[in-house]
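Just so you know, the protein sequences line up as chains A and B, in that order.
Sequential numbering of the first sequence, starting at 1, is according to my numbering.
Sequential numbering of the second sequence, starting at 1, is according to my numbering.
These aren't lab readings, by the way, just hints derived from the structure by calculation.
Take the hints with a grain of salt, since some may be wrong.
Unchecked claim - Going by beta-carbon spacing under 8 Å, a handful of chain A positions derived as facing chain B:
#1 Ala29
#2 Tyr32
#3 Lys42
#4 Pro44
#5 Phe46
#6 Asp49
#7 Thr69
#8 Ser74
#9 Gly95
#10 Phe100
All C-beta atoms in this analysis are idealised placements derived from N, C-alpha and C, irrespective of residue type, glycine included.
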Amino acid sequence: GESVGLHLPTLSVQEGDNSIINCAYSNSASDYFIWYKQESGKGPQFIIDIRSNMDKRQGQRVTVLLNKTVKHLSLQIAATQPGDSAVYFCAENTGNQFYFGTGTSLTVIP
Amino acid sequence: ETGVTQTPRHLVMGMTNKKSLKCEQHLGHNAMYWYKQSAKKPLELMFVYNFKEQTENNSVPSRFSPECPNSSHLFLHLHTLQPEDSALYLCASSQNTGLVRETQYFGPGTRLLVL
Numbered sequence: 001g002e003s004v005g006l007h008l009p010t011l012s013v014q015e016g017d018n019s020i021i022n023c024a025y026s027n028s029a030s031d032y033f034i035w036y037k038q039e040s041g042k043g044p045q046f047i048i049d050i051r052s053n054m055d056k057r058q059g060q061r062v063t064v065l066l067n068k069t070v071k072h073l074s075l076q077i078a079a080t081q082p083g084d085s086a087v088y089f090c091a092e093n094t095g096n097q098f099y100f101g102t103g104t105s106l107t108v109i110p
Numbered sequence: 001e002t003g004v005t006q007t008p009r010h011l012v013m014g015m016t017n018k019k020s021l022k023c024e025q026h027l028g029h030n031a032m033y034w035y036k037q038s039a040k041k042p043l044e045l046m047f048v049y050n051f052k053e054q055t056e057n058n059s060v061p062s063r064f065s066p067e068c069p070n071s072s073h074l075f076l077h078l079h080t081l082q083p084e085d086s087a088l089y090l091c092a093s094s095q096n097t098g099l100v101r102e103t104q105y106f107g108p109g110t111r112l113l114v115l
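Next comes chain A alone, as it looks inside the complex:
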């Protein structure tokens, strides 16, 4: 089966600092990746995606980096704000099904 994992289950950052959340995947055939944010009591919210023909993609305050060589995905959040506190998880698609990670809980310290 697929293995989509995150290096750290929890992450605390100071407000205004940058956050980096990591994700490892096991299937080298995966070619589409999504980062989701899930706040308490809510469903997952799409943040940003990236396809395997890219190694970087930027959104508003977020950047996703894809390293296919080591099968690693990261989400960078610039100038982290209290509203960024949530669980973040990655999802990979092999063309058959999405596989989701368990998530990293990000806490922003005011």
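Dock chain B against chain A, hints included.
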């Protein structure tokens, strides 16, 4: 708001009850999904519907019965559940044909507790 709504948001039921979860998407999508989210576990795909036809059933017990009357509505009928079925049940939708490389948009989920 993601354009995907779910009702009820919370549900408590006994093991002999029958209840239904409802999902509605206002995005004009053609594919809809049911996922189970348990604490500290990855999302588990349960069912996929594409143009109202079920295309995936990930070995889900028969006590869970999905129904998709049209591309905008999805139900999950529950009967004789077990306590281990307690979880957050998430509905999602995507634009086109099923799972392949399409962004999925999630509803807020139904928090289910089986006593």
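Hint check:
Annotation: interface hint on Ala29 (chain A) violated; nearest CB of chain B at approximately 12 Å, more than 8 Å. Interface restraint check for Tyr32 (chain A): the shortest CB-CB distance to chain B comes to about 4 Å, inside 8 Å, so the restraint holds. A distance limit of 8 Å between C-beta atoms decides the matter here; for Lys42 (chain A) the minimum to chain B is near 5 Å, and the interface restraint holds. With its C-beta approaching chain B no nearer than about 5 Å, Pro44 (chain A) sits inside the 8 Å limit, and its interface hint holds.
The criterion of a C-beta within 8 Å of any C-beta in chain B is met by Phe46 (chain A), whose closest approach is roughly 6 Å, and the hint holds. At about 6 Å, the closest approach between the beta carbon of Asp49 (chain A) and any beta carbon in chain B falls short of 8 Å, and the interface hint on this residue holds. For Thr69 (chain A), the interface hint is violated, the least distance from its beta-carbon to any beta-carbon of chain B being 21 Å, above 8 Å. A cut of 8 Å between beta carbons decides the hint on Ser74 (chain A): the least distance to chain B is about 18 Å, and the hint is violated.
Checking Gly95 (chain A) against chain B by beta carbon gives a least distance of about 6 Å; that is within 8 Å, so the hint holds. Proximity of Phe100 (chain A) to chain B holds as hinted, the smallest CB-CB distance being about 4 Å (cut-off 8 Å).
In summary, the structure is inconsistent with hints 1, 7 and 8 from the numbered list given earlier, while agreeing with the others.
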